[in-house]
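Enquirer: Letter by letter, the chains look like this.
Protein chains: 2
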Amino acid sequence: MPSHTENKGRLAIVGLGPGKREYMTARALKVIAGAEYVLGHSTYLEPLEPLLTGKQVISSSMGKEVDRAQQAIDLAKKHAVAIVSGGDAGVYGMASIVLEVLEHDGADIEVEVVPGVTAANAAASRVGSPLSGDFAVISLSDLLTPLEIIGKRLEAIFGLGIPVVLYNPKSRGRPHNFALAVEHARHHLGKDTPIAIVRNALRENEETIITTLGEIEEHEPAIDMHTTVIIGGSESRIWKRGDDVKGIITPRGYHRKYVY
Amino acid sequence: MPSHTENKGRLAIVGLGPGKREYMTARALKVIAGAEYVLGHSTYLEPLEPLLTGKQVISSSMGKEVDRAQQAIDLAKKHAVAIVSGGDAGVYGMASIVLEVLEHDGADIEVEVVPGVTAANAAASRVGSPLSGDFAVISLSDLLTPLEIIGKRLEAIFGLGIPVVLYNPKSRGRPHNFALAVEHARHHLGKDTPIAIVRNALRENEETIITTLGEIEEHEPAIDMHTTVIIGGSESRIWKRGDDVKGIITPRGYHRKYVY
Chain A
1 MPSHTENKGR LAIVGLGPGK REYMTARALK VIAGAEYVLG HSTYLEPLEP LLTGKQVISS
61 SMGKEVDRAQ QAIDLAKKHA VAIVSGGDAG VYGMASIVLE VLEHDGADIE VEVVPGVTAA
121 NAAASRVGSP LSGDFAVISL SDLLTPLEII GKRLEAIFGL GIPVVLYNPK SRGRPHNFAL
181 AVEHARHHLG KDTPIAIVRN ALRENEETII TTLGEIEEHE PAIDMHTTVI IGGSESRIWK
241 RGDDVKGIIT PRGYHRKYVY
Chain B
1 MPSHTENKGR LAIVGLGPGK REYMTARALK VIAGAEYVLG HSTYLEPLEP LLTGKQVISS
61 SMGKEVDRAQ QAIDLAKKHA VAIVSGGDAG VYGMASIVLE VLEHDGADIE VEVVPGVTAA
121 NAAASRVGSP LSGDFAVISL SDLLTPLEII GKRLEAIFGL GIPVVLYNPK SRGRPHNFAL
181 AVEHARHHLG KDTPIAIVRN ALRENEETII TTLGEIEEHE PAIDMHTTVI IGGSESRIWK
241 RGDDVKGIIT PRGYHRKYVY
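Heads up: the protein sequence lines correspond to chains A and B, in order.
At position 104 of the first sequence (counting the first as 1) the number is 104 in the working numbering, and the numbers step up by one without a gap.
At position 188 of the second sequence (counting the first as 1) the number is 188 in the working numbering, and the numbers step up by one without a gap.
Hints were generated in silico from the structure; no laboratory data involved.
Careful: at least some of the hints might be erroneous.
The list makes no distinction among identical chains, and a pair is therefore deemed to hold if it is satisfied within one copy or across any two copies.
Claimed, not checked - Derived lysine-lysine pairs resembling BS3-like cross-links, with alpha carbons at most 27 angstroms apart:
| no. | residue 1 | residue 2 |
| --- | --- | --- |
| 1 | Lys152 | Lys191 |
| 2 | Lys30 | Lys20 |
| 3 | Lys78 | Lys246 |
| 4 | Lys240 | Lys64 |
| 5 | Lys55 | Lys8 |
| 6 | Lys240 | Lys8 |
| 7 | Lys77 | Lys246 |
| 8 | Lys246 | Lys257 |
| 9 | Lys78 | Lys55 |
| 10 | Lys77 | Lys64 |
| 11 | Lys8 | Lys78 |
| 12 | Lys78 | Lys30 |
| 13 | Lys246 | Lys191 |
| 14 | Lys8 | Lys246 |
| 15 | Lys257 | Lys152 |
| 16 | Lys20 | Lys64 |
| 17 | Lys30 | Lys246 |
| 18 | Lys257 | Lys64 |
| 19 | Lys77 | Lys240 |
| 20 | Lys77 | Lys55 |
Construct the complete structure from the given sequences, taking the supplied hints into account.
Expert: Right, dumping it as structure tokens:
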């Protein structure tokens, strides 16, 4: 790797984790502290504000990801730049588009992707252990993936009985995709299949709901673009303490080997 | 939630991330700092050593997870206990077995699951952006899941053309499961499908190999129990700078909407 000179910039694509600073990695904090320019969606930049003093901050709204990527690359030709994503930058985040645009641009910039706690893991941690074994991550946004393909994926994966994490489960632009996902789930999973709705996981105004595939319609209004939904697999079950519902457990299979 | 009294313990199930302390969250560090007892596999405890002064440390080898879970729960009836997992505690980690044993035990202990950067995201960050959209996480260990079921899952998911992250791709006890996964991949994916082999992601002695489904046999000896393997999907491609192979990009689909 080339050593840094004063004329040479660098670009970090940084996953911030769920939102609160205590769930960021030390590496993410360090890279942001060392940046001259910080780019990102305003939602993600707000919790960072105390760290941004003296830096050039370029905040943007949703959309325009291609422009934002090109701007980050142009700045990184001479400066230390951090472009931030919520969660993990490599999962529905900025990493791929920045690397694609960089490849087209051809600039010889040092790049680092800093991983973060992705929404699947943040949400799961608030409701027990729903993803203990194999699982799949599917976005219900049909902005970049045709709805037909999303449906085909859901159908096949629910058929395997493994838990599925739904990113972007609903937004004003696509209010019906969640109902479609539920329909696919019902082709394969029983009505007692546990479902977790986690809104603002490990952020301000966090809310969690534990329900089942049979009763999901009742809770659908709670689902929005700040929500991650985990649909359990065929082995997942509600986790209780006495009569209190605490969350979801997907056993890893120790019960097939040990008595406890 | 009940307030703490001196007689009442608490239990944290903590994901440490890939290994180096700079990829832990501040929350994980804080919970470990506040624990009287820290339990975990010796591999995961070693990098924490400077934090463990003055604590009771109970280190164990692989296996005996059920006993370790019960021990953590018994201690947590009166003490502040942290039980640690590499990566995210909810993904092939200790969270599910601890919660299962706790449910059987019936003890009224306050429990917190602290999420971490899981191996899928740590490994992906070292090789570009291979998991940018939907993906699945499958373990090739047949210790707790029958091999037949693993094969069925692989066959269906490769058929969808989404990237697959293989955890536990090989160990001395199951040297042939990786070849089986490759066979399933070849039923659906072309020989140019990119594959990343990431050994010790974000730990000491990190190694990455970018290859293809057509040439994977050549690199199979590099795969061991410290390795995460990412098999790209139908849209994944090698990321190059000039003639240098830098990693893998799975485009999110912006190219279908924008020119860049």
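Enquirer: State for each hint whether it applies.
Expert: Verification of the hints:
Within a single copy, Lys152 and Lys191 get their C-alpha atoms as close as 21 angstroms, and across copies as close as 24 angstroms, so both meet the 27 angstroms cut-off. Taking the shortest Cα distances, Lys30 and Lys20 sit within 27 angstroms of each other both inside one copy (16 angstroms) and across copies (14 angstroms). Taking identical chains as interchangeable, the C-alpha atoms of Lys78 and Lys246 lie at most 27 angstroms apart only when they sit on different chains, with a minimum of 21 angstroms there against 51 angstroms within one chain. Within a single copy, Lys240 and Lys64 get their C-alpha atoms only as close as 45 angstroms, which misses the 27 angstroms cut-off; across copies the closest is 24 angstroms, which meets it.
Only within a single protomer do Lys55 and Lys8 lie at most 27 angstroms apart by alpha-carbon distance; the minimum there is 18 angstroms, versus 46 angstroms between protomers. Proximity of Lys240 and Lys8 under a CA criterion of 27 angstroms is satisfied inter-copy only: 20 angstroms between copies versus 56 angstroms inside one chain copy. In the homo-oligomer, the alpha carbons of Lys77 and Lys246 lie at most 27 angstroms apart only across protomers (18 angstroms), although the nearest pairing inside one protomer, at 50 angstroms, exceeds that limit. Within a single copy, Lys246 and Lys257 get their C-alpha atoms as close as 25 angstroms, which meets the 27 angstroms cut-off; across copies the closest is 43 angstroms, which misses it.
Only within a single protomer do Lys78 and Lys55 lie at most 27 angstroms apart by alpha-carbon distance; the minimum there is 15 angstroms, versus 47 angstroms between protomers. In this assembly of identical chains, the alpha carbons of Lys77 and Lys64 lie at most 27 angstroms apart only when taken from the same copy (20 angstroms versus 52 angstroms across copies). Only within a single protomer do Lys8 and Lys78 lie at most 27 angstroms apart by alpha-carbon distance; the minimum there is 5 angstroms, versus 56 angstroms between protomers. Taking the shortest alpha-carbon separations for Lys78 and Lys30, only the intra-copy value of 19 angstroms comes in at or below 27 angstroms, while the best inter-copy value is 37 angstroms.
Taking the closest pair of Cα atoms, Lys246 and Lys191 come within 27 angstroms of each other only inside a single copy of the chain (19 angstroms); across copies the shortest separation is 46 angstroms, beyond that limit. Taking CA atoms no more than 27 angstroms apart as the test, Lys8 paired with Lys246 passes between copies only; the shortest distance there is 19 angstroms, against 52 angstroms inside one copy. Taking identical chains as interchangeable, the C-alpha atoms of Lys257 and Lys152 lie at most 27 angstroms apart only when they sit on different chains, with a minimum of 22 angstroms there against 35 angstroms within one chain. For the identical chains of this complex, Lys20 and Lys64 are intra-copy neighbours only, at 25 angstroms inside a copy versus 35 angstroms across copies, given an alpha-carbon limit of 27 angstroms.
In this homomeric assembly, Lys30 and Lys246 come within 27 angstroms of each other (Cα to Cα) only across copies, at 24 angstroms, whereas the closest approach inside a single copy is 36 angstroms. For the identical chains of this complex, Lys257 and Lys64 are inter-copy neighbours only, at 11 angstroms across copies versus 52 angstroms inside a copy, given an alpha-carbon limit of 27 angstroms. Taking the shortest Cα distances, Lys77 and Lys240 sit within 27 angstroms of each other only across copies (18 angstroms), while inside one copy they are farther apart (55 angstroms). In this homomeric assembly, Lys77 and Lys55 come within 27 angstroms of each other (Cα to Cα) only inside a single copy, at 17 angstroms, whereas the closest approach across copies is 48 angstroms.
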